[in-house]
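Asks: For reference, the chains in residue letters:
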Amino acid sequence: MKEELRSKILKTVSRDKAFYFFTSIGNYTGESASSLKEFMDKTNAVDVKSLEFHLYRGDFEKWIAEVLEDEDLAVEIGRLRSLNYSGSLLRNNLYSIVAKRYRQLIGSFSEKFR
Amino acid sequence: MKIKNDSPALDSIDIEILQNLQEDSKQTYTAIGERIGIAHSTVYDRIRRMEKYGIIKKYTALIDVEKAGVKRIMAIMTVYTDPKESESVADALRKMPEVLEAYTSLSEELLIIAKVVAENQESLHNFIATSVAPLSGVLRIRTSMITKKFKEIPFLLMNERKK
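Line by line, the protein sequences give chains F and L.
In this text, residue positions in the first sequence follow my numbering: the first is 1, and each later residue adds one.
In this text, residue positions in the second sequence follow my numbering: the first is 1, and each later residue adds one.
Next comes chain L alone, as it looks inside the complex (with noise of 0.2 angstroms):
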């Protein structure tokens, strides 16, 4: 099935739809018809739907990390770059494991907000030394250790207005 890149619009039912999914997504076809008072095949027709447009790109587990027990420490790094050279810089960033996260943003200047990982400060140095430093287009480079974490959700759309 040949499938077009515009993704369709989406409406209220879609949205239960989606929301349903972010709440869990292991739940059945017939447990969100149930809730939204459509038929299960109808949850089914649009999810697939949904799928092939890329809309729910795919379904995954939130872990908790400390209770896997495993040590990492996460940083903010923002790194200000060469107008003419920070996309080939964010698609550097992009490439590395270490960088969960990253934006570009305009302010006084132009910098690339990521969000890195590693297995503790001396890696998270080297890694920065070794790998972003050198960069082409990096002019210097900001870093905050991440201490304590008071919130972490994805975006949910539970708040969208319902078309």
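The shape of chain F in the complex, shown without the other chains (with noise of 0.2 angstroms):
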């Protein structure tokens, strides 16, 4: 993977462009996500509701794709999405796919300042 890909996927957006967790339509939690690492934790924290009202309107694909620019990532989302999970067997899922993606992406800078 290209180093500045991987820069531009693990970066810190401002806060306009951050990724707002809601329960739904109006219903701000008060989470929020600035870069992957803070909405993989996010994910395995915020109201299961948040995560399937977002997942279901594709919001994280959305923000995945647009924001952090990871095309990737993004497709894995939208895969998930389609086998209509609900719960904790979602949220497990959803971290699990979004973990293995920062791991493979911490693992490739860690490799390169060895």
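Each hint should be verified, as a subset may be incorrect.
Among the chain L residues that face chain F by a calculated CB cut under 7 angstroms, a handful are [stated by the list, open to error]: (1) Gln121; (2) His125; (3) Ile128; (4) Ala129; (5) Ala133; (6) Pro134; (7) Leu139; (8) Arg140; (9) Ile141; (10) Arg142; (11) Thr143.
These aren't lab readings, by the way, just hints derived from the structure by calculation.
Don't be surprised by glycine CBs; every beta carbon is placed ideally from N, CA and C.
Both chains are sitting in their own frames, so use the hints and assemble them into the complex.
Replies: Here it is, written out as structure tokens:
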């Protein structure tokens, strides 16, 4: 993977580009994520209703593709959406997909600076 | 003419003039004068004075939005804020055209209650997600969609006690 792409995906974005977790239309949980790492951590912590709300609206894919610019992860999350999971099954699978991608990116970074 | 910042005290005639204007602001000074029992010139002078002091802010039209064919959704948005930043949040909301009314309230937490308008649920969500949630000091937001209106009137002076 190109170094430039890795840095792009692992960047921290400004407040106006962060992901804001809602449980339904207009109901903001108070949780947000400004980077892939923060997004990964929050998927393990926010109300699962929020994960269900955003996943089936396609909000996660959109943010990851447009803001973090990680097309591959966006596609993976799109696949998860088609499985119609809910509750802890959804949370575990989403976290697993994002964590795997994060480890892959960080691993590449670590190797470079070893 | 230099106008003082302090509003003058209103007497019972001023209140009656205001009540008449709230009922129908298109009626003539003569009609108002006849109803109250004063000269139309007195009505004119008093209205001018109340306009100058900002007691009468403007003359507007009450429009039935549904009959006008405009489809909009309304919602009541409660924004829980960090007390140190609630003023700046309220100030930012005040400037947004989607926000029709905004108030601060102190219950267990400091919060801002606002009435908002949007074209549909999706645009309401986008507005809150991209313009309100990112404001510094916003802790969380609860939004209730208005489904049916039972009453909406402006505050009227009808029941104000005459001085």
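Asks: Run every hint past the structure and note whether it holds.
Replies: Results for each hint:
no. : hint   : verdict
1   : Gln121 : holds (5 angstroms)
2   : His125 : holds (5 angstroms)
3   : Ile128 : holds (5 angstroms)
4   : Ala129 : holds (5 angstroms)
5   : Ala133 : holds (4 angstroms)
6   : Pro134 : holds (5 angstroms)
7   : Leu139 : holds (5 angstroms)
8   : Arg140 : holds (4 angstroms)
9   : Ile141 : holds (4 angstroms)
10  : Arg142 : holds (6 angstroms)
11  : Thr143 : holds (3 angstroms)
Taken one by one, the earlier hints all hold for this structure without exception.
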